[in-house]
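Below, each chain spelled out in residue letters.
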Amino acid sequence: MAEQAQGAGAVPLSAVVADAANGVVLALAGGGDPYALSRLLRQGDAMASAAIRVLGADALAPYALDHRAVPGGENDEAVVREALAAYPPGPDASAVSVWTYRGLVEASHAFLPGGADRFPQAPRAASAWVTDDPWPKLSHRVSQLAALALPGVAQDLADRLTARTDDLARGFVRAVRRRDWLQAAGLGRWLARLPDVPPTLGLDTGLAFVRQMSDGDPRVALHVVAARQFYGRGG
Amino acid sequence: MIMDRTSHVETAALSAEVEGLLDSAEPQGVFRDTRECEGALLLALLLLGSPPTPRPKTDPKAR
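Residue numbers (UniProt numbering), protein chains in the order written: chain U, 1 to 235; chain F, 1 to 63.
Here chain U stands alone, though its shape is the one from the complex (with noise of 0.2 Å):
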């Protein structure tokens, strides 16, 4: 799939992302065949690298559902391997550059056989603006983060945003209201994680919406099922 994205030269990296995100979809839903991230973007191809850097995390979700996935294995660790050498965040990079490559580490570490040693050290992320960000910038920087939104992945980072909930569900009720469904699934999809949502926010009807009006967006999807499969909310 990736291959023929750089071949044919006018397909833009979103589109191999979607490509590989409605892979990890259909993964996590239990269709296909075993899901295995190397067969999705192959070793060699700087566009599947690339998409697995975009990606983060979520490449290796289907890993985290242990009963539905076989064991990554060698060909997987060395094109996350590939993919972490050559994106690495630059001294200047976004928090969000930093924390989407800390999860690819760590969910590196927690989902692939090749242990701890065998990938980077997962890089130190800033972490102040989980306390200070006013909610709407806070819910935008939470939704890029949603990959994260995995178990075994961020415990630190989730157990500080417990105390922000409040906030986040005003975020997603904002997001569903601007019709940003992306970011709407991306809090969906924290908010399915954290422990004391409000009742009263419908979380589980809210996520059924944004991917009903999302008109089958597969990063959209993708936040959705997994908020479903690892965490039993939004139906």
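Read the hints as simulated data drawn from the structure, not as lab findings. All C-beta atoms in this analysis are idealised placements derived from N, C-alpha and C, irrespective of residue type, glycine included. Hints should not be assumed to be uniformly reliable.
[As the list claims (entries may be wrong)] Only some residues are given here: those of chain F computed to face chain U with a beta carbon under 10 Å:
hint: 1; residue: THR11
hint: 2; residue: LEU14
hint: 3; residue: VAL18
hint: 4; residue: LEU21
hint: 5; residue: LEU22
hint: 6; residue: ASP23
hint: 7; residue: GLU26
[Stated by the list, open to error] Anything over 12 Å on all C-beta distances counts as not near chain U; from chain F, calculated:
hint: 8; residue: GLU38
hint: 9; residue: GLY39
hint: 10; residue: LEU42
hint: 11; residue: LEU46
hint: 12; residue: SER50
hint: 13; residue: THR58
On the provided structure of chain U, position chain F as indicated by the hints.
Quick look at chain F alone, frame taken from chain U:
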């Protein structure tokens, strides 16, 4: 010395694209807080329903 810089350019372009997808700006939009809208509507209704500003009477016979 001839150097092939194509791959460097492609990598740099892809890196920029990756950063753009990871940290994209929030789409422009207007969010109206319901309570603020209610307040503005109430103020508009009060202004419309208020009696006209008293003005000095003009007596036509005085002219």
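Exercise for review: Beyond 12 Å from every chain U Cβ: check whether that's true for F/THR58.
Suggested key: holds (53 Å)
Exercise for review: Double-check F/THR11 for me: the hint is only fine if its C-beta lies closer than 10 Å to a C-beta in chain U.
Suggested key: It holds, given that the least Cβ distance between F/THR11 and chain U is near 7 Å, below 10 Å.
Practice item. Go through the hint on F/LEU21 and say holds or violated, using the shortest Cβ distance to chain U against 10 Å. Key: holds (5 Å)
Practice item. Would you settle whether the hint for F/GLU26 is holds or violated, based on the nearest Cβ-Cβ distance to chain U being less than 10 Å? Key: Where the cut-off is 10 Å and the nearest Cβ of chain U is about 5 Å from F/GLU26, the hint holds.
Review point. Taking C-beta pairs only, is F/SER50 more than 12 Å away from all of chain U?
Key: holds (33 Å)
Check your understanding: Should the interface hint for F/ASP23 be scored as holding, given a Cβ-Cβ cut-off of 10 Å against chain U?
Key -> holds (4 Å)
Review point. Non-interface claim for F/GLU38: all C-beta distances to chain U beyond 12 Å?
Key: At roughly 16 Å from the nearest Cβ of chain U, F/GLU38 sits farther out than 12 Å, so the non-interface label holds.
Point to revise | chain U contact restraint for F/VAL18 - C-beta distance below 10 Å | key: Given a least distance of 5 Å, the restraint on F/VAL18 holds.
**Study point:** Interface hint status, F/LEU14 versus chain U (Cβ within 10 Å)
**Key:** Holds, about 5 Å.
Check your understanding: Are all beta-carbon distances from F/LEU46 to chain U longer than 12 Å?
Key -> holds (27 Å)
Exercise for review: Check the non-interface label on F/LEU42: least C-beta distance to chain U beyond 12 Å or not.
Suggested key: Check passes; 21 Å lies beyond 12 Å.
Review point. Does F/LEU22 meet its interface restraint, that is, does its C-beta lie within less than 10 Å of any C-beta in chain U?
Key: holds (5 Å)
Every hint from the earlier list agrees with this structure, and none is contradicted.
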